[in-house]
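Work out the full structure: start from the sequences and follow the hints.
Here are the chains, one letter per residue:
2 protein chains.
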Amino acid sequence: MRATVMYEAGDVRVEDVPDAGLIDSTDALVRVTRAAICGSDLWPYKSMPRDAQGRRMGHEFIGVVDAVGADVETVDVGDLVVSPFLWSDGSCVFCQEGLPSSCLHGGRYGWGDVDGGQGEAVRVPQADGTLVVLPVGADDALMPSLLTLTDVMGTGHHAAVAAKVGHGKTVAVVGDGAVGLCGVIASKRLGAEQVILLGSNPERTALGQAFGATDIVTERGEEAVERVRELTDDGAHSVLECVGLEQAVETALAIARPGGAIGRVGVPEQDATSTGVAFWKNASIGGGPAPVRAYIEELLPDVLEGRIEPGRVFDRIGSIEDVPDGYRAMNDREVLKFEIRP
Amino acid sequence: MRATVMYEAGDVRVEDVPDAGLIDSTDALVRVTRAAICGSDLWPYKSMPRDAQGRRMGHEFIGVVDAVGADVETVDVGDLVVSPFLWSDGSCVFCQEGLPSSCLHGGRYGWGDVDGGQGEAVRVPQADGTLVVLPVGADDALMPSLLTLTDVMGTGHHAAVAAKVGHGKTVAVVGDGAVGLCGVIASKRLGAEQVILLGSNPERTALGQAFGATDIVTERGEEAVERVRELTDDGAHSVLECVGLEQAVETALAIARPGGAIGRVGVPEQDATSTGVAFWKNASIGGGPAPVRAYIEELLPDVLEGRIEPGRVFDRIGSIEDVPDGYRAMNDREVLKFEIRP
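Protein sequences appear in the order of chains A and B.
Letter 96 of the first sequence, counting from 1, is numbered 103 in this note's numbering, and no numbers are missing.
Letter 153 of the second sequence, counting from 1, is numbered 160 in this note's numbering, and no numbers are missing.
All the pointers check out, no bait thrown in.
Any copy will do: because identical chains look the same in the list, a pair fits if it lies in one copy or spans two.
Here are the simulated BS3-like pairs of lysine-lysine, each with C-alpha atoms no more than 30 Å apart in a straight line:
{"no.": "1", "residue 1": "K171", "residue 2": "K195"}
{"no.": "2", "residue 1": "K288", "residue 2": "K53"}
{"no.": "3", "residue 1": "K171", "residue 2": "K288"}
Derived by calculation from the structure, the hints in this document are not laboratory data.
Here's what the structure looks like:
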């Protein structure tokens, strides 16, 4: 069969490869009817070192099931199916919690003995957990939109969910690529009132407006930050970072409102940063100076009724004149916390 | 009156300063009955450059109201009051949203003409928004615990809230200082099932156990990460970072479970990092590889019924043989997204 293979940056070929076929009893063999090139495919296209064996490419596809393994129950031969960009078993603890991208028994297309999606057919592992049957014909007019459910539309939606988009919120979307544009759709769908799209390509931002963007910011860097501040009172409640470059992350942080949320789906330029580590495990990082005034009223009854005893952290008491020695003692870790009775 | 003044790292003095007194009509004059030294006071104690004028210190205090301005309505002379570590008006948009730490008209103790809390008296600006009246006497046995509501207990609670602690969750608390220990209390109070405290001081971790910690990890760095992994299946659902040093942040990220949350309240060592910027505005950062399999079923009806049209991102279509040129065209930004019809 024909399939896409990348050998190094800039060297992508369509070649004859061994026909895809069932291996495990949980596999489905899918004949691809639609596929796509993803923005993330451009990362190796820009930077992949030479690999004599080549790497099979593609992870966005829809197709017709040609065969299924003995243990496949939810998918039949002849079904039109859509796959997410990762395969997953649907039954592990993370799949059950709605995080199939961290499936304990899942994996990536194009790696090991699993085909890529940019080819004529794909062996799909864990077919029951992975594939979703589509109730339309393979040439339905909705096919392009259904194809985005494999990745970019779901990724834009994930950015909006992580950025806590909701009714009446002000949203800023950083990036006018396919994911950013789908982030506009997702923000509008989740009830955002104002959707500011940051992008500089006129055709893409025009499509963003068609998708529901209320404002376009074509500036970059510090000028973009100022422009968003003009458009909002104190920044955006929700910021969707759909690029991945460090400058885009900095812009996203700068235009977020105090108490706001940044949903990050651009593949991080630098994995080693704190946010890069958090990205790959879909962890969120929150916090800052505590809004203690708001918490006093919540915690006060528990203290008054003796349910919590945080005062036990004080292990030394002194007068106001003892304060300098209190600093010394705390700094020397001789004292945990010093209480002053003036 | 007597008050604490810091002149440079290691040089803290208790001196005679001008008596505190009302200035604005929204002020209250509070005679301090209890105050404390905060872990964050140790940062200037370690590193403050020489300042000939000195800096007034302290932001954790309880006291009796001695006088109020003409516009103060909720606090009376003779009331025993507790203050959060920042003053705030209680009426701005951020105060109304539960984020008084970002009050548009608030500020810090010890700055400008506002007294510090480590002294005999404090002029409290925005008294109605800032102070909470306590229904006990000034020498009540609960005073140490009530004093923690000014900062450390509220800050530990904030870490737990930001880390999304809830019933049945596994929590890890990084740091056995007063905030970390209060984070243990907060985690237990919010229903955590397992609370792992990372700290090396035996007296402090013993207090942590009294507060509800179920496991103590005395190792640091990579060894601590391995130990937490042994104690949990896949890491902690919630991680409270209560130190602020970069190593502590790295440990917090490493021990978080996929899909987990890190609540960060340790004052960042490096303000310039992405997470440092987010910290000061209490913004959260979330996201990662989208759990697309979970989203397909949510988004599919909207595509099938035509409510969203993400397929409009495809602006070029080709066969499998056209794929190499599709990569080139997308990389040259000539094409937004390439659809393959094998």
